[in-house]
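Engineer: Assemble chain B onto chain A, guided by the hints.
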Amino acid sequence: MANKKYDVIIIGAGVVGCMVARFLSRYKLDILLIDKEADVGMGASSANTAIVHAGYDPVPGSLKAIMNVAGNRMWDTLAGELNFPFERRGDYVVAIGDEELPLLNNLWERGVKNGVPGMMMLSGDEVRRREPNINPKVSGALWASTGGICDPFAVVIAAAENAVQNGVTLMLETAFEDFVMEGNRIVGVKTNRGTFGCRWAINSAGLYSDVVMHKAGQYPEFKITPRKGEYYVFDRAEITINNVLFPVPTPVTKGILVTTTIHGNTIIGPNAQDIQDKEDRSVTREGLAEVWRDATKLVPKLDLRHVIAVFAGLRPGGNAPCKTPGVNYGHDYIIEIPEGVQGFVNLGGIESPGLTSAPAIAQRVIEMLKDAGEKLEEKRDWDPIRPARPRFRDLSPEEQKILIRNDPRYGRIVCRCETVTEGEIVAEIHAPIPARTYDAIKRRTWLGTGRCQGGFDTPRVVEILARELGISPLEVTKKGPGSQFLVRPTKDVEG
Amino acid sequence: MLKQKYDVIVIGSGPAGLAAAIEAKKTGAEDVLIIERAKELGGILQQCIHNGFGVEILKQDLPGPAYAQRFIDEAEQLGVEVLLDAMVLDISPARHIYAISKWSGFAELDARAIVLSMGCRERTRAQIRIPGTRPAGVYTAGTAQRFVNIEGFMPGKRFVILGSGDIGMIMARRLTFEGAKVERVLEIMPFLTGLIRNYVQCLLDFNIPLQLRHTVSRIIGNSRVEAVEAVQVDDKWQPIPGTEEIIPCDTLLLSVGLIPENELSRKAGVALDPVTGGPYVDEGMQTSVPGIFAAGNVVHVYDLVDWVTEAGFRAGRSAAKFALAERKRAARQVKLQPGDNIRYIVPHVMDKESLAEADQRLQMRVIQPIEDKVWVEVLDGDNLVTRKSQRYVRPGEMVTVDIPQKAYDAVQKADTLTVRVVRR
Chain A
1 MANKKYDVII IGAGVVGCMV ARFLSRYKLD ILLIDKEADV GMGASSANTA
51 IVHAGYDPVP GSLKAIMNVA GNRMWDTLAG ELNFPFERRG DYVVAIGDEE
101 LPLLNNLWER GVKNGVPGMM MLSGDEVRRR EPNINPKVSG ALWASTGGIC
151 DPFAVVIAAA ENAVQNGVTL MLETAFEDFV MEGNRIVGVK TNRGTFGCRW
201 AINSAGLYSD VVMHKAGQYP EFKITPRKGE YYVFDRAEIT INNVLFPVPT
251 PVTKGILVTT TIHGNTIIGP NAQDIQDKED RSVTREGLAE VWRDATKLVP
301 KLDLRHVIAV FAGLRPGGNA PCKTPGVNYG HDYIIEIPEG VQGFVNLGGI
351 ESPGLTSAPA IAQRVIEMLK DAGEKLEEKR DWDPIRPARP RFRDLSPEEQ
401 KILIRNDPRY GRIVCRCETV TEGEIVAEIH APIPARTYDA IKRRTWLGTG
451 RCQGGFDTPR VVEILARELG ISPLEVTKKG PGSQFLVRPT KDVEG
Chain B
1 MLKQKYDVIV IGSGPAGLAA AIEAKKTGAE DVLIIERAKE LGGILQQCIH
51 NGFGVEILKQ DLPGPAYAQR FIDEAEQLGV EVLLDAMVLD ISPARHIYAI
101 SKWSGFAELD ARAIVLSMGC RERTRAQIRI PGTRPAGVYT AGTAQRFVNI
151 EGFMPGKRFV ILGSGDIGMI MARRLTFEGA KVERVLEIMP FLTGLIRNYV
201 QCLLDFNIPL QLRHTVSRII GNSRVEAVEA VQVDDKWQPI PGTEEIIPCD
251 TLLLSVGLIP ENELSRKAGV ALDPVTGGPY VDEGMQTSVP GIFAAGNVVH
301 VYDLVDWVTE AGFRAGRSAA KFALAERKRA ARQVKLQPGD NIRYIVPHVM
351 DKESLAEADQ RLQMRVIQPI EDKVWVEVLD GDNLVTRKSQ RYVRPGEMVT
401 VDIPQKAYDA VQKADTLTVR VVRR
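Going down the list, the protein sequences come from chains A and B.
Anchor point for the first sequence: position 263 equals 263 in the working numbering, and the numbering is continuous, going up by one each time.
Anchor point for the second sequence: position 397 equals 397 in the working numbering, and the numbering is continuous, going up by one each time.
These aren't lab readings, by the way, just hints derived from the structure by calculation.
Note that the coordinates shown come from a computational prediction; the quantities given were computed from them, not determined experimentally.
Please note that a few of the clues may not be correct.
Said to hold, decoys possible - Result set (DSSO-like, lysine-lysine): computed pairs, CA atoms no more than 27 Å apart in a straight line:
1) A:Lys278 - A:Lys254
2) A:Lys301 - B:Lys267
3) A:Lys297 - A:Lys5
4) B:Lys236 - A:Lys401
5) A:Lys278 - A:Lys4
6) B:Lys26 - A:Lys401
7) A:Lys491 - B:Lys39
8) A:Lys5 - A:Lys215
9) B:Lys335 - B:Lys5
10) B:Lys5 - A:Lys401
11) B:Lys236 - A:Lys297
As the list claims (entries may be wrong) - Quick list of the computed label-pair ranges, beta carbon to beta carbon:
12) A:Met120 - B:Asp90: 36 to 42 Å
13) B:Gln4 - A:Gly470: 38 to 44 Å
14) B:Glu283 - A:Leu304: 30 to 36 Å
15) B:Ile246 - A:Ser123: 41 to 47 Å
16) B:Thr193 - A:Asp303: 21 to 27 Å
17) A:Arg405 - B:Phe191: 19 to 25 Å
18) A:Glu398 - B:Asp351: 32 to 38 Å
19) A:Lys491 - B:Ile246: 27 to 33 Å
20) A:Arg405 - B:Glu283: 40 to 46 Å
Think of the CB as a built atom: it goes at the ideal place given N, C-alpha and C, for glycine as much as any other residue.
Chain A with its partners taken away, still in its complex shape (with noise of 0.2 Å):
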C-alpha cells in the first residue's frame, strides 16, 4: 500500500497527540496523525474530570508537577486561540473535620515549591458561604485560583482541527503495529492501512504508550495500568455546584471529588481500580458505591434520583521513575528523544494531569527537536485560529434570530434536554475532521447527555448522519465499525 513518507508520524490522537500536532504544524513539516479509533481523543481523553490543575498536587521536582504548571499557564491563550469552553474558576481542597485540616498545609507548601501562584488558605466559614450545598462539617479548605474547567473532547477536537487547518493530515481506524527500523533509527511505521516512512515517530499512544515503546526498544520494564475511574452525572435542573471540590488527597489519587462540568452538571468521581483490560470502560455496581460513599462526604444533599449518567474512564498510570536527582516519584512522566534509538519522540505515563500539561508537553516537544537539530522553519501562513462554530444555546435571541435566517437548519431543534440544532450537526459532519458517529456527534454538541440520554434524538440523528453521508441508515453507528444502530429493514425477515 502507500508508502507515502513524512517528515513526523504522531501515534495517537488524544490531547497529547493533537497538541504536539498542532504545535508542530506551525513549522515546515509533513506530518500524519494516526489513531486507532474512528474519532480523535477516544482513550484518556474521552472520559475524564475535565480539570485544569493548578498544580499543587504533584510532587515537587517531577515532570509531572513541572508540566502542571508550565501547562497550566497556557490555557488562556490556547482557549482563546483554539476557541473552546474553558474557565478559570478556580479550585477548592476541602478540609472535613479538624483531622484533615493539617493536610491542606502540606499541599500548600507543594503548591509553592512547584511554583503555583495565587493559592488561598480559606476558612470552614468562609467556604460554607462560597458553596452552600457542601458539608457543614467543613474545617478549612485550599483555593487555587488558578484551577480551571474546559470541555476536553471540545479541547482536543480543536486543537486536531487547528493542526489539520495548517495542513497536517490525520488518519482515522489506522493502528499502530510496529516500526520501520534502519539499524537503530525509525524509518517508518507499520499500520493496518499500510506502511508509511518518517524521519520522526512521536509516541503519544497513551494507554498503548508502553507497547509503542517497547517496539522500539525502550524501557522494558516500562508498563501502563489502565486505572479506572468511575463518574455519575447530575440533572443540572436538580443540583448545582459552583465550584471544583477536591477532597484532601491520598497518597493513590486526587480522590473522588463533586464538580461542576462546563455545561452546568454536576458531576462526581472517579474512584481508582486499577485493571489489565485497556479497553474495559464498563462501569461496576462496586465502584459507584465507592464513588456515592466519597462524593456524599463532601456533598451530603447529592441525590440518587438527580442522576442521569454513568460513565468511567482510563488513565494511562505509568511506572517511570523520576529521573531529578534527589526526588523519590515512582509514577512521573517520560517526556524525551532517547539515546538508544534515533528519530524516536517518546511520550509515555502521561497521566493526571496530562490535559493540563498537553500544551507544555507539545512545547518540550518542539525544544527537543530543536535540541537534536532539527531545523523547525517556522510557516508564513500558520493561522493559529481555529475558528469556533455557533452553538445555537450559547447564543442571545436577536443571534439565534439571525442564524435561522440566514440556514434554516438552525431552527430544527434535534436534542431537546441539550437544544441542539440541525445546523449545528450538519456542520459537524462537514467540520474539517467531520463527525461520523452519533458518538462523534454528542462529543462535539453535547447532544444526547442531557436527562433523556438520547431518547428523542438518536432516530433523528441516524438520519441526518445517513443523509448527509450518503449512506443507507443501517450503516450508521454509534461509535465507529461494529456499532450499527439498526440491523435490518422491517418486514424484511428472513427465511
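Structural biologist: Below, chain B without anything else, positioned relative to chain A:
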C-alpha cells in the same frame, strides 16, 4: 401566518393537547394555536400502531394513529391553527413564548392562556444505573418503537426487555411480529407494572417468558450489545449472588418508567409536585402560575389515553375561560397618555369600572414651567372629558387632576385618554 397574540396556545399535540385545543375553541376562544415539535400532529400516538385506544370515551377500540386522527380532524374543522416541526425554547410567567422552527424562524408569541401538554419522557439506563459497558443496542422501548413503526428499521434481532411496562410488552409482541426473537421480559418488582391485558395479549399469547424479581445487573459488549447478565433480586431489590445468568442478545430494551416532561413548566415558574414530577394543579387544571394550565402525562403518568383526552378537555375549557376573562379585563382598561407639556402620568392604565366607585386621581409632572393660568385637560381624542384650572405649572411641583365619577359614560367609549396642559 402566525399572529402575535393568541387566546390559547397549546404546547404539544398528543391526546391532551388536541383535546385542549378543541375544547378551548368550543368554549369560545377565538385564536387557538398548537405548537408541535414533530412534523405532524398526534404526538406519540402516531407511533402506537397497536389497538386499545378509545374504548372508554369513543366506545371503539382504535389504533393510536386512528384515535389521534379523530381529534386532528375536529381541531382542523374548528379552525385551530398549528405550528409544526417547532420547538418552544422558553415561556415566561407573563405567558410570553419563544418558539423556533425551520419554517417560521424565531417566533415570539403572547398567549392569554397556555396549556402545557408536553407529555412525558422515558427513564433511561442511567437513571436505574445499570452497570457495564456503553455499546450500541441499548434503547428505551419508545425509541425502538419509533425506529420500527415510523422509520421502518429493526434495531436488533435478539432482544431482552427490562421492565414490564406497557410499551415494553407491546414492543415484545411487535418485534416478534417482525421476526425478531424476544428472549425474556425481566421485572424487578414482584408484580407486573403494566396492564394485565397487555401481559395476556403481548407476552402469554407469544410464549415470551416474564421473570418477576429479576433485573439486568450488567451490559456486556464494547461496540454492540453481546449479552446481558440477569440476576434475581431480594426484597430490597438487591441482587442475590449466585443467581446471575448470561443471556446472549444484541439489544436491551428498557421499559422502566415514564417521567413527566416539565422543563418548560419550570422555565415558566410553575411549581412541581416532587411525587408526580408534574405541576400542582387545581380542579380546572390550572398550575401555580395564573393562566398556565397543564394536562395529560405532563401532570402525571396515565395508563389509558381516554383519561388523557378527558384531562385535555378540562384544561382547554379552563384556559379558554381564563383567556376570555383576560380579554374582558383588557377591554375595560383605558390607557393614560401624556400630551402637550406632560412628561408622564401615574397610573399608566385605569380600569373604566373604577369610576363606578370613586373619582380617580391622576398624578403627573410637566416638562416646561408656565407662569400663567393654564388648563389641565383630559381628552378622548378631541372630546374633552374633564379639565381643571391652575395658576401656574412647574416641573418641580407635581400636578394632579381628578377624573370625576360623572365622566363614567364618556370614559367607557375611550381606548386612550390624553392629558395636556394649555394656557387659558
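Engineer: Next step is simple, just say for each hint if it's right about the structure.
Structural biologist: Right, here's what the structure says about each hint:
Among the hinted pairs, A:Lys278 with A:Lys254 is consistent with the structure: their alpha-carbon atoms are about 22 Å apart, no more than 27 Å. Proximity of A:Lys301 to B:Lys267 is assessed by CA-CA distance (about 23 Å); at most 27 Å being required, the pair is judged to hold. Proposed proximity of A:Lys297 and A:Lys5 is contradicted: the alpha carbons are some 56 Å apart, above 27 Å. Between B:Lys236 and A:Lys401, the direct Cα distance comes to roughly 52 Å. Violation of the 27 Å bound is thereby established for this hinted pair.
With a C-alpha separation of about 31 Å, the suggested pair A:Lys278 and A:Lys4 falls outside the 27 Å cut-off, and the hint is violated. Of the pairs offered as hints, the one joining B:Lys26 and A:Lys401 is violated, with about 35 Å between alpha carbons and a cut-off of 27 Å exceeded. A threshold of 27 Å between alpha carbons decides the hint, and for A:Lys491 with B:Lys39 the separation of about 24 Å falls inside it, so the pair holds. Proposed proximity of A:Lys5 and A:Lys215 is supported: the alpha carbons are some 20 Å apart, at most 27 Å.
At most 27 Å may separate the alpha-carbon atoms for a hinted pair to count; B:Lys335 and B:Lys5 meet this at roughly 19 Å. Of the supplied pair hints, the one linking B:Lys5 and A:Lys401 holds, its CA atoms being roughly 19 Å apart against a limit of 27 Å. Between the alpha carbons of B:Lys236 and A:Lys297 the distance comes to roughly 24 Å, so the proposed pair stays at or under 27 Å and holds. In this structure the hint that A:Met120 and B:Asp90 lie 36 to 42 Å apart at CB holds, the actual value being about 39 Å.
Taken as a hint, the range 38 to 44 Å holds for the pair B:Gln4 and A:Gly470, whose Cβ atoms sit roughly 42 Å apart. Checked against the given bound of 30 to 36 Å, the beta carbons of B:Glu283 and A:Leu304, roughly 34 Å apart, stay inside it. In this structure, B:Ile246 and A:Ser123 break the distance hint of 41 to 47 Å, their C-beta atoms being roughly 54 Å apart. For B:Thr193 and A:Asp303, the hinted distance range of 21 to 27 Å is satisfied, since their beta carbons lie about 23 Å from each other.
Between A:Arg405 and B:Phe191 the C-beta distance comes to about 55 Å, which lies outside the given range of 19 to 25 Å. Between A:Glu398 and B:Asp351 the C-beta distance comes to about 36 Å, which sits within the given range of 32 to 38 Å. Between A:Lys491 and B:Ile246 the beta carbons are some 31 Å apart, a value that agrees with the proposed interval 27 to 33 Å. A beta carbon spacing of about 44 Å between A:Arg405 and B:Glu283 agrees with the range 40 to 46 Å that was offered as a hint.
Going through the hint list in order, the structure does not satisfy hints 3, 4, 5, 6, 15, 17.
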